[in-house]
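Line order of the protein sequences matches chains A and V. Each residue of the first sequence is one higher than the one before, starting from 1 at the first, in UniProt numbering. Each residue of the second sequence is one higher than the one before, starting from 1 at the first, in UniProt numbering.
Simulated from the structure, these hints should not be mistaken for lab results. Even glycine gets a Cβ: it sits at the ideal position worked out from N, Cα and C. It is possible that part of the hints are untrue.
Heads up, simulated BS3-like pairs for lysine-lysine below, C-alpha to C-alpha not over 27 angstroms straight-line [what the hints assert, rightly or not]:
#1 K112(V) / K164(V)
#2 K564(V) / K212(A)
#3 K10(V) / K287(V)
#4 K5(A) / K99(V)
#5 K287(V) / K112(V)
#6 K5(A) / K564(V)
#7 K5(A) / K185(V)
So, partial list: chain A residues that the calculated Cβ filter (under 7 angstroms) puts toward chain V [as the list claims (entries may be wrong)]:
#8 I133
#9 H206
#10 I272
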Amino acid sequence: MRDAKVPAAEMTAMLIIFVATNAFLTYPRYISFNAYEAAWMEPIFSGALTLALFYLVEWIMRKHFQNLDIVEIAKEVFGRFGAICIALLFAMYFLCSTAAVMREFTENVVSTVLPSTPLLLVGAVFMFAVGYIAYAGIEGICRTAFIFLPILLVGLVGVCLMTVNWWRPYLLLPLWGTGPVRVIMGAMQYSSIFANVLLLTIIFPHVNNPRKMRRIGAVSIIVSTLLLVFLVLSYHMVFPAAETGKTSFALYRLARMIHMGPFFQRLESIFIFLWVTAATVRMAVTMWGSAYLLSKAFSWPTYRPAVPAIVLLSFSLGMWPQNWMDVIELDGTYLLKWGWIVVFAIPVAVLLSGWVKRSRRRTRRVRHV
Amino acid sequence: MNVGVGGALKRLLTVDDTVLNDDFSLSSDDDDPGADNYGDEPEEESVNFTTAENKMDTAKKPVSMRSFLRRAGREYEEAVEKAHAGQQDNIELDLDDMKRRLSRFFHLPQNKDIVIREFAVGVEGRSPWRGMVVYVDGLVDKNVINWAILEPLMVWSHLADDPKRALTYVVDHLVPGHQTQLIEKWSEVVFNVLAGSSVVFLDRCDAALVVESKGWEHRSVSTPKMENVVRGSQDAFTENFRTNTGLVRMRLRSEHLVTEIHAVGNLAKTDVAIMYIHGVTNPKLVKEVRRRIADIDVDYVLDAGMLEQFIEDRPSMMIPQVLVTERPDRVAAMLAEGYVAIFVGHSPVAIIVPVVLWSLMHTSEDTNLRIIPGTFIRAIRWVALLTALLLPGLYIAVTNYHSEMLPTDLMLAIAGSREQVPFPVVVEVLLMEFAIELIREAGIRIPSVIGPTIGIVGALIIGQSAVQAGIVSPLLVIVVATTALASFTVPNYELSMAVRILRFAFLIAGAVLGFYGIAILFVVYVVRLSMLKSFGVPFLSPVAPISGAARDVLVRGPIWGMNKRPAFLNTLRSWRQNPMTRPWSAATRRQAGEGDSNA
Chain A
1 MRDAKVPAAE MTAMLIIFVA TNAFLTYPRY ISFNAYEAAW MEPIFSGALT
51 LALFYLVEWI MRKHFQNLDI VEIAKEVFGR FGAICIALLF AMYFLCSTAA
101 VMREFTENVV STVLPSTPLL LVGAVFMFAV GYIAYAGIEG ICRTAFIFLP
151 ILLVGLVGVC LMTVNWWRPY LLLPLWGTGP VRVIMGAMQY SSIFANVLLL
201 TIIFPHVNNP RKMRRIGAVS IIVSTLLLVF LVLSYHMVFP AAETGKTSFA
251 LYRLARMIHM GPFFQRLESI FIFLWVTAAT VRMAVTMWGS AYLLSKAFSW
301 PTYRPAVPAI VLLSFSLGMW PQNWMDVIEL DGTYLLKWGW IVVFAIPVAV
351 LLSGWVKRSR RRTRRVRHV
Chain V
1 MNVGVGGALK RLLTVDDTVL NDDFSLSSDD DDPGADNYGD EPEEESVNFT
51 TAENKMDTAK KPVSMRSFLR RAGREYEEAV EKAHAGQQDN IELDLDDMKR
101 RLSRFFHLPQ NKDIVIREFA VGVEGRSPWR GMVVYVDGLV DKNVINWAIL
151 EPLMVWSHLA DDPKRALTYV VDHLVPGHQT QLIEKWSEVV FNVLAGSSVV
201 FLDRCDAALV VESKGWEHRS VSTPKMENVV RGSQDAFTEN FRTNTGLVRM
251 RLRSEHLVTE IHAVGNLAKT DVAIMYIHGV TNPKLVKEVR RRIADIDVDY
301 VLDAGMLEQF IEDRPSMMIP QVLVTERPDR VAAMLAEGYV AIFVGHSPVA
351 IIVPVVLWSL MHTSEDTNLR IIPGTFIRAI RWVALLTALL LPGLYIAVTN
401 YHSEMLPTDL MLAIAGSREQ VPFPVVVEVL LMEFAIELIR EAGIRIPSVI
451 GPTIGIVGAL IIGQSAVQAG IVSPLLVIVV ATTALASFTV PNYELSMAVR
501 ILRFAFLIAG AVLGFYGIAI LFVVYVVRLS MLKSFGVPFL SPVAPISGAA
551 RDVLVRGPIW GMNKRPAFLN TLRSWRQNPM TRPWSAATRR QAGEGDSNA
């Protein structure tokens, strides 16, 4: 299998879209519920934590594991069986994440713009597009992300700015919301949306110029954090904090508030382009990641045959829960709340173990000499 | 007749070749005694009907498709082998033998446009020196044959002192043709005769003399038909191969401009010229173009449209992956950038490879205009492209699914205009789109004498009467007319065709799933395009993947700032102009950090 090489700008775009897409999903609901008026601070803390871990992981990989991904490193540390277990864990996380996002997204679409269309049809079309992009590989995903990034930026910022006549800054007070401890705890708990660290360990061999990885990480984390903060700030300046934690589609609610003269009202339908493009790219990343990890774990020559199977699997998994609230419950309880273990703790632990093992081996070799 | 399920299944899976044994069949030339007995004197044929090969195969047994195809392939190979067997590639010493061979090969005397003119060279000597010239009537300039071949050899050679019976002497002293060539192979004789040259044979010479005498009728250089511009040159390629290459060379007067000529086709050769700038164009690109053209194994290539499908990366895609232009100035400009141009036979267009999506939206006029108007018309074109692609689909999506996004007054106006229309909006749009497609196609095919009728039919019947009859709503007429106008704005014909067809896909997506369907289809198509390549160059370069290129992509960059050639071409020379192209300008010097020398 040839490792695709992606330029830095495209990789950055992909990572920005990957994180910023959470603005359309349930992330604003959880942080609003958790921190109330101080919800906008949570992405900042999460972003800062991610940036620090990103730099640590990047440094370890650059110094010790160049041209290796997390599965190959796990093979060195824990052997083939251990690597398979770790790859399966990550692949499962990605699979569940894809399924949850798919269901949340399609439920959003059905409840807002296509109320008479069957959920299965909306989901199937969506999964077809996601599967197709994932099939194109990391190059295709990143190129698509780069093309659609301006739409995301303009759209997201546009939605926020066009509600300016509804902004009431005093709604952001009291400044610390539910209190600093709860804000910081919430930031750590919901930091799994910044999956940059886990993604870094997978895409590291695919970057055209690994020396630019630090810059890629910094730009992508800072930009996506700013976008999330801006959205949450606008959201909270328009709606009171007690209300924001009860809605699961913050951006749509904001878009519905746009009213700038008779011709610029009810523009939420236009933002479908924004949601669809961003969500398909984000899900393609997780789907590709899942297929790629499996192919690496089981030494398949290519990941592509796994894509249709993963499409079907995640579609079925997403449609499993009875209703939307069940999905939100499952997503909030397991994927978002404990996701940090998968996206931060395990990759860092694997890398540190690998580093220690290599150092020991080197020391032993030196002694032997 | 074998009836029943088993019999029907068997007939489905087998080929019953009895149909080939009808009374008249194109495949049974061997049965026709008069079909092949020209050229040589017809000989009496005695056939032994008892041998296996002459036995008529009357058995009508069905054969499987696999064995039928295998047998057909074997027969084809045998026929090709038989056709090539016994052909020597040398030139006959004896003129009579040569004449017989020519007659047999060119199917004389039935073939009337191959002319063999025999003559005696006017040298003094013991025996007359016979000669003949062979050419295709209609492809040659008769004056060249009369005054540059026949007259010097028949008349003026009397005046020559000590004329030698050697072709080199004839070339050096007697034949004044501006391009002459000595050839020694029969295949070269055939190629040159069919290419419009005259081949001179002289008795007891084992070589022949090719005299350039091409002179077929052709259209003179005229204005472009598809790529009109207001500012810029007004000439276009014609159906003359050499004129086309000459038009480019006339503009791009560089000794590094190389024109390689290859021939493609097994049955009939078509000249294919590859043009590039040595020292600028990436040699790997030239090699790849050469390889793809050399690998074409086809009987006949009619035009550039055929060749482009043979060499394109994915000819099944609707979006073209080569740029076809009829403008010599555009070819010259792109050659200077590092692209490769391909001319095919007598086609009035040139193919340029590789191509990126953005180039398909450029015109040669863009660079002639100042930066703001140039950017403006390019922006208009991009808006037009999206309009042509999406407007009908968006109209359906808005009216069917997202009517709330319209202001109430407008929504009421649309509802009011549709009150009389009995069809759903998608049927209405499809009807109008179909009508517009008919007008477009009819507009091309209709004889020019009755051309104005199309306007009356289109405008009155579809525009006015259909609305009055309540078949379509007036707003829809505006939507479809705007879409049609927008599609005419796309400068590349192939791209415009792709947009015409893709519009229907977006229309259906909008009808089924509204904006959501359109957005999904759009994303999928962008991914498809992002993975497409044209001669090794990603189709969406230099945007995705991003590469350091001049700002001449979506908008028109300033001429004085576009210093480098497109990076995706990997040219041997990346700079196309000095970074400081306006050294006399104080502002430019200041920007370059050199300060104002006048100060």
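We went through each hint and held it up to the structure:
As the CA atoms of K112(V) and K164(V) are separated by approximately 34 angstroms, the hinted pair breaks the 27 angstroms bound. Distance hint between K564(V) and K212(A) is fulfilled; the C-alpha atoms sit about 24 angstroms from each other, no more than 27 angstroms. For the hint pairing K10(V) with K287(V), the CA-to-CA distance comes to about 50 angstroms; that exceeds 27 angstroms, so the pair is violated. Between K5(A) and K99(V) the CA atoms are separated by roughly 64 angstroms; this puts the pair beyond 27 angstroms, and the hint is violated.
As the CA atoms of K287(V) and K112(V) are separated by approximately 41 angstroms, the hinted pair breaks the 27 angstroms bound. The hinted pair formed by K5(A) and K564(V) meets the criterion: a straight-line CA distance of about 24 angstroms does not exceed 27 angstroms. With a CA separation close to 52 angstroms, the supplied pair K5(A) and K185(V) exceeds the 27 angstroms bound. Satisfaction of the interface hint for I133(A) is found here, the shortest Cβ-Cβ separation to chain V being roughly 5 angstroms, below the 7 angstroms cut-off.
Interface hint at H206(A): violated, since its Cβ lies 13 angstroms from the closest Cβ of chain V, which is beyond the 7 angstroms cut-off. For I272(A), the interface hint holds, the least distance from its beta-carbon to any beta-carbon of chain V being 4 angstroms, beneath 7 angstroms.
Figure legend: structure checked against the earlier numbered hints; hints not met, in rising order: 1, 3, 4, 5, 7 and 9.
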